[in-house]
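K.L.:
Chains A and B are the protein sequences, given in the same order.
Numbered as in numbering that gives the first Met the number 0, the first sequence ends at 310 without a single skipped number.
Numbered as in numbering that gives the first Met the number 0, the second sequence ends at 481 without a single skipped number.
For the record, the hints were derived by calculation from the structure and aren't laboratory data.
Please note that a few of the clues may not be correct.
To be verified - With a straight-line Cα cutoff of 30 Å, these simulated BS3-like cross-link-like pairs (lysine-lysine) come out:
{"no.": "1", "chain 1": "B", "residue 1": "K108", "chain 2": "B", "residue 2": "K118"}
{"no.": "2", "chain 1": "B", "residue 1": "K268", "chain 2": "A", "residue 2": "K86"}
{"no.": "3", "chain 1": "B", "residue 1": "K268", "chain 2": "A", "residue 2": "K120"}
{"no.": "4", "chain 1": "B", "residue 1": "K196", "chain 2": "A", "residue 2": "K100"}
Stated by the list, open to error - Some chain B residues near chain A, calculated using beta-carbon distances under 8 Å:
{"no.": "5", "residue": "Q58"}
{"no.": "6", "residue": "E251"}
{"no.": "7", "residue": "M267"}
Glycine included, every Cβ here is placed at the ideal spot set by N, Cα and C.
These are the residues of each chain, in order.
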Amino acid sequence: MLSRVADSLYWMSRYMERSDGILRMLKINYASSQDDLQDFSWDSVLKLFTPTEEERARLLVDEGRWALHFMVCERENPNAVVNIVTKARENARSVQDHITKELWQCLNDFYHSVRDGGLAKSLYKEDPITILDTLVKQGLLFVGTGDITMARGEGFAFMNIGRFLERAILTADILDVKISDMGFSNDDSDDTTYWKYMLLSISGYELYLKTYRSGFEAKKVVEQIVLNNNFPRSILYSINRLHRYFEQLKTEGNSENYRKVDFLIGKIKSKVRYSTVDSIMQQGLHSYLKEVKSELYIIGNTLNQQFFAYS
Amino acid sequence: MYTNELLAAYVNDPDTWDEMYKYPEVREQYRGVVDFMQQLSIEELNRKEEQARRLFMSQGITFTVYNSGEGIEKIFPFDIIPRIITSSEWNYIEKGIRQRLKALNLFLKDVYNEQFIIKDGLVPAEMIYSCPHFLREMHACPVPYDIYVHIAGIDLIRNNDGTFYILEDNLRTPSGVSYMLENREITKRIFPDLLPKNNVRSVMEYPTLLHRNLVSMSPRQTAYPTIVLLTPGVYNSAYFEHTTLARLMGVELVEGRDLVVDNHRVYMKTTGGLQQVDVIYRRVDDEFLDPLVFNTGSLLGVGGLMSAYRKGNVAIVNAVGNGVADDKAIYTYVPSMIRYYLNEEPILKNVPTYQLGNIDEREHVFANMNQMVIKKTNESGGYGMLMGNAATEEEMEIYKKEIVKDPRQFIAQPIISLSSAPCYLNGQLQPRRIDLRPYALAGPEGIEIVPGGLTRVALREGSMVVNSSQGGGSKDTWVLFD
Numbered sequence: 000m001l002s003r004v005a006d007s008l009y010w011m012s013r014y015m016e017r018s019d020g021i022l023r024m025l026k027i028n029y030a031s032s033q034d035d036l037q038d039f040s041w042d043s044v045l046k047l048f049t050p051t052e053e054e055r056a057r058l059l060v061d062e063g064r065w066a067l068h069f070m071v072c073e074r075e076n077p078n079a080v081v082n083i084v085t086k087a088r089e090n091a092r093s094v095q096d097h098i099t100k101e102l103w104q105c106l107n108d109f110y111h112s113v114r115d116g117g118l119a120k121s122l123y124k125e126d127p128i129t130i131l132d133t134l135v136k137q138g139l140l141f142v143g144t145g146d147i148t149m150a151r152g153e154g155f156a157f158m159n160i161g162r163f164l165e166r167a168i169l170t171a172d173i174l175d176v177k178i179s180d181m182g183f184s185n186d187d188s189d190d191t192t193y194w195k196y197m198l199l200s201i202s203g204y205e206l207y208l209k210t211y212r213s214g215f216e217a218k219k220v221v222e223q224i225v226l227n228n229n230f231p232r233s234i235l236y237s238i239n240r241l242h243r244y245f246e247q248l249k250t251e252g253n254s255e256n257y258r259k260v261d262f263l264i265g266k267i268k269s270k271v272r273y274s275t276v277d278s279i280m281q282q283g284l285h286s287y288l289k290e291v292k293s294e295l296y297i298i299g300n301t302l303n304q305q306f307f308a309y310s
Numbered sequence: 000m001y002t003n004e005l006l007a008a009y010v011n012d013p014d015t016w017d018e019m020y021k022y023p024e025v026r027e028q029y030r031g032v033v034d035f036m037q038q039l040s041i042e043e044l045n046r047k048e049e050q051a052r053r054l055f056m057s058q059g060i061t062f063t064v065y066n067s068g069e070g071i072e073k074i075f076p077f078d079i080i081p082r083i084i085t086s087s088e089w090n091y092i093e094k095g096i097r098q099r100l101k102a103l104n105l106f107l108k109d110v111y112n113e114q115f116i117i118k119d120g121l122v123p124a125e126m127i128y129s130c131p132h133f134l135r136e137m138h139a140c141p142v143p144y145d146i147y148v149h150i151a152g153i154d155l156i157r158n159n160d161g162t163f164y165i166l167e168d169n170l171r172t173p174s175g176v177s178y179m180l181e182n183r184e185i186t187k188r189i190f191p192d193l194l195p196k197n198n199v200r201s202v203m204e205y206p207t208l209l210h211r212n213l214v215s216m217s218p219r220q221t222a223y224p225t226i227v228l229l230t231p232g233v234y235n236s237a238y239f240e241h242t243t244l245a246r247l248m249g250v251e252l253v254e255g256r257d258l259v260v261d262n263h264r265v266y267m268k269t270t271g272g273l274q275q276v277d278v279i280y281r282r283v284d285d286e287f288l289d290p291l292v293f294n295t296g297s298l299l300g301v302g303g304l305m306s307a308y309r310k311g312n313v314a315i316v317n318a319v320g321n322g323v324a325d326d327k328a329i330y331t332y333v334p335s336m337i338r339y340y341l342n343e344e345p346i347l348k349n350v351p352t353y354q355l356g357n358i359d360e361r362e363h364v365f366a367n368m369n370q371m372v373i374k375k376t377n378e379s380g381g382y383g384m385l386m387g388n389a390a391t392e393e394e395m396e397i398y399k400k401e402i403v404k405d406p407r408q409f410i411a412q413p414i415i416s417l418s419s420a421p422c423y424l425n426g427q428l429q430p431r432r433i434d435l436r437p438y439a440l441a442g443p444e445g446i447e448i449v450p451g452g453l454t455r456v457a458l459r460e461g462s463m464v465v466n467s468s469q470g471g472g473s474k475d476t477w478v479l480f481d
């Protein structure tokens with residue numbers, strides 16, 4: 000497979016995963032803004048995806064709908080869903096012969112719907128949850144179409160490497176921002192609504208109820224989001240998947256490049272796998288997540304050097 | 000006349016050949032389609048039109064117009080009414096194109112090798128050497144099976160008596176074939192069952208034939224040669240076509256930056272290291288192919304490609320330097336080439352063409368400029384064209400001055416009144432001017448032409464210019480069985 004093609008498949012998938020993460024978070028954040036949450040704020044979301052402090056300050060004085068508009072439709076915001084999906088589609092466009100026609104059409108339709116002029120208006124006037132839901136579904140259709148139609152091979156592996164690397168980073172980011180937002184401390188566990196929405200935004204609420212059957216506790220939330228291998232958005236699960244798809248790339252011709260990246264993935268995998276929630280707390284959650292993220296970034300850069308370098 | 004509102008406004012110019020209508024009735028080949036359309040209401044037809052538009056959009060059969068940094072997706076206008084060609088018309092076209100292509104290919108072999116045609120005085124040497132597309136780099140360069148033109152998109156038009164004329168021989172990187180294929184797919188969707196009921200021949204075979212020919216060009220004797228389609232990249236207006244063809248043939252779509260030449264061999268950069276390339280179906284123009292030989296600033300090609308090509312380590316499709324054969328001034332000599340190389344009379348006619356280097360012809364053209372179309376010899380796509388009937392005095396003066404300065408750059412032809420075909424516009428059928436570009440494929444086993452092609456249509460009323468850059472659209476093109 001051409002290095003350029005691998006690169007584009009990887010980024011197409013990363014951007015699609017990112018758009019999914021953003022859309023879910025926006026939906027739940029909006030939903031929670033309708034509840035009587037004492038200290039509700041768009042601040043944590045904007046902190047993750049807004050380039051400048053001034054921009055954030057400006058948006059925060061406005062009402063929530065503007066934050067939504069900014070995160071979905073604002074062309075000037077590089078992390079707005081419209082721009083993320085456009086980037087995914089541009090990557091897909093240059094590798095149309097490597098993805099199935101169904102997958103291309105699915106992404107292309109998504110692209111046309113996020114660029115539809117009516118979207119901004121209905122986001123402002125109608126129920127944002129309905130609108131965000133239809134967008135989330137288009138993203139799900141992309142994942143499902145890929146799963147059902149794409150041939151299993153190098154291309155599919157690169158797509159999944161992109162997806163799970165992005166997911167691990169996104170989860171670490173969300174956890175980091177949301178918890179520091181709370182002024183997190185070990186025994187602070189009273190604000191159940193906050194935890195509920197936090198878990199909902201990464202589709203982990205139901206699993207939490209089933210696993211812990213008791214009230215909300217920051218420590219348990221951290222345990223599920225970082226270490227639960229049955230939770231598809233946990234850091235551990237994402238890294239395990241990342242490794243599994245990466246292992247499919249091994250051939251006789253690329254042992255040197257392969258070894259370098261494999262080493263890095265193995266290292267982070269062990270680090271997370273042999274952490275416990277107590278050891279994380281001891282180190283400090285923020286410092287732990289910072290280390291995890293920095294190692295994930297290094298994996299991204301090394302993949303770039305070893306597999307995608309072509310120009 | 001028809002009382003039905005669909006046909007009520009169908010007034011065709013009596014001095015024009017209409018594909019559908021021959022006073023006082025609809026031609027036989029169109030009856031099935033016209034009857035079918037008449038059963039549909041205007042609302043239904045409008046819905047079909049909208050459905051076609053959405054299908055093009057959703058499949059990304061679009062080109063991007065960059066305005067103020069924001070890309071806007073546009074589709075090439077598509078008219079839902081098919082253009083229909085009878086089997087006897089097609090047989091004639093097919094025979095004519097086959098003959099012409101054979102002669103043009105022999106001409107290319109000749110001018111890049113022994114040049115008998117110059118020595119025998121049929122084509123003046125200055126005509127060849129002054130052509131910017133004549134490339135000395137191709138002299139005595141061996142090409143597999145002596146095939147230069149693997150893919151030709153020869154443009155045909157019809158005069159007011161229905162005679163077919165050759166308008167242009169496109170022998171470099173003719174485009175539009177994806178529209179032949181996609182327009183047919185759209186017709187299948189918007190008019191279910193209409194195609195089988197009308198005995199329409201399929202065009203589906205095109206990618207398979209092309210792929211088979213590409214494989215046979217491979218210089219390495221291997222069961223699975225590496226074939227690539229070289230595209231200028233996503234910003235090219237034909238990018239959609241490149242991806243479609245790559246997908247339909249299952250070959251790798253590459254850009255110049257994906258390739259590298261080492262020791263006169265071409266490789267592509269893959270995740271598993273370098274992989275040798277055997278055949279390049281390029282959609283990049285000659286001058287951008289190799290910055291070491293041609294345009295030194297080009298990033299679209301690969302340095303060293305020409306040396307690998309001349310050594311015979313890679314096949315390039317179409318061959319380099321074909322522009323000398325589809326040059327608009329060389330065009331005049333094609334009928335004599337057919338007689339010279341094949342000892343046959345040309346089947347398809349040339350449009351009468353005036354060489355402006357000849358004083359008498361130039362005088363004649365200047366005196367009758369309002370009935371002439373002036374074309375620049377080295378431009379295509381409807382650029383650099385002056386339609387005498389629509390030009391102002393000033394425009395004509397500017398052209399006259401330029402012609403006198405460098406007559407080799409121009410040719411003149413009488414304006415041919417292109418044939419018209421029905422288009423669905425504003426709830427009615429209206430006649431609009433059309434041309435036809437069938438796609439011919441040449442391989443070791445001969446020349447094959449898929450029954451169909453691209454019909455381009457001038458959607459503006461009265462316009463004779465069908466190029467997409469000048470407001471043209473396209474139609475599905477049907478060739479019927481006997």
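K.L.:
Hints first: check each against the structure and report whether it holds.
P.N.:
Results of checking the hints against the structure:
no.: 1; hint: B:K108 with B:K118; result: 15 Å, holds
no.: 2; hint: B:K268 with A:K86; result: 23 Å, holds
no.: 3; hint: B:K268 with A:K120; result: 46 Å, violated
no.: 4; hint: B:K196 with A:K100; result: 28 Å, holds
no.: 5; hint: Q58; result: 6 Å, holds
no.: 6; hint: E251; result: 6 Å, holds
no.: 7; hint: M267; result: 6 Å, holds
Hint 3 alone, counting from the list given before, is not met by this structure.
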